[in-house]
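Novice: Could you slot chain B onto chain A? The hints should help.
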Amino acid sequence: DAKTTQPNSMESNEEEPVHLPCNHSTISGTDYIHWYRQLPSQGPEYVIHGLTSNVNNRMASLAIAEDRKSSTLILHRATLRDAAVYYCIRRPGGSNYKLTFGKGTLLTVNP
Amino acid sequence: DAGVIQSPRHEVTEMGQEVTLRCKPISGHNSLFWYRQTMMRGLELLIYFNNNVPIDDSGMPEDRFSAKMPNASFSTLKIQPSEPRDSAVYFCASSQQGVGANVLTFGAGSRLTVL
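Here the protein sequences come in this chain order: A and B.
1326 is the number of the first residue of the first sequence in the numbering used here; add one for each residue after it.
8 is the number of the first residue of the second sequence in the numbering used here; add one for each residue after it.
Wrong hints could be hidden among the right ones.
[Unchecked claim] Quick list of in silico lysine-lysine cross-link-like pairs, PhoX-like style, CA-CA up to 25 angstroms:
| no. | chain 1 | residue 1 | chain 2 | residue 2 |
| --- | --- | --- | --- | --- |
| 1 | A | Lys-1423 | A | Lys-1328 |
| 2 | B | Lys-85 | A | Lys-1423 |
| 3 | B | Lys-31 | B | Lys-75 |
| 4 | A | Lys-1423 | B | Lys-31 |
| 5 | A | Lys-1394 | A | Lys-1428 |
| 6 | A | Lys-1423 | B | Lys-75 |
| 7 | A | Lys-1328 | A | Lys-1394 |
| 8 | A | Lys-1428 | A | Lys-1328 |
| 9 | B | Lys-85 | B | Lys-75 |
Hints were generated in silico from the structure; no laboratory data involved.
Just so it is clear, the structure is predicted and the values come from calculations on it, not from any experiment.
Only chain A is shown next, with the shape it has when bound in the complex:
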């Protein structure tokens, strides 16, 4: 049970920003929020993670709601190479290192 809720699919146009939402209403105070993506015919790859504050890296930005019950992965300018399944995952704190993947959001990017 991934304990996160994401839309099954989203569509975007190339060069436009994409906001991928995730609900994790039962998140505990020590849970990290991880995002991974899986390009066609490849293994999942790490995108970004956060705990409380918004985070930026070269791939994306992660906006975390103040109550931590939801988060949004932001791709600032979508490219065709960003077409993938995006997974939002709660990573429990402490010594439990399991990452449980849900169904994710299939992002389609139109040229």
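Specialist: This is chain B only, laid out in the frame that chain A set:
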């Protein structure tokens, strides 16, 4: 670093045969995970190791599946005997426990077809 290396990339076998999938984690990583992916069930965690010790094998479907990690640089997932319903892509991933938020690096996967 070459990343997580899995072999074989593709395997086609007949029902009843033994299948062995192999994984070499990233050097220095001390956690290793085996996942299975199918269209119906998505990505499922089968088992994970910390410091070569199996920690949680609750995802292993049945006794036909076994996994070992004899040292820090090698792990195997064995299916004996194989069945058509075992057809899937099997991913290995590794991470550095205790560093940051335990980011996983995945291999390219081993696609298994059981006829």
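Novice: Against the earlier hints, flag every one the structure doesn't satisfy and list their numbers going up.
Specialist: none
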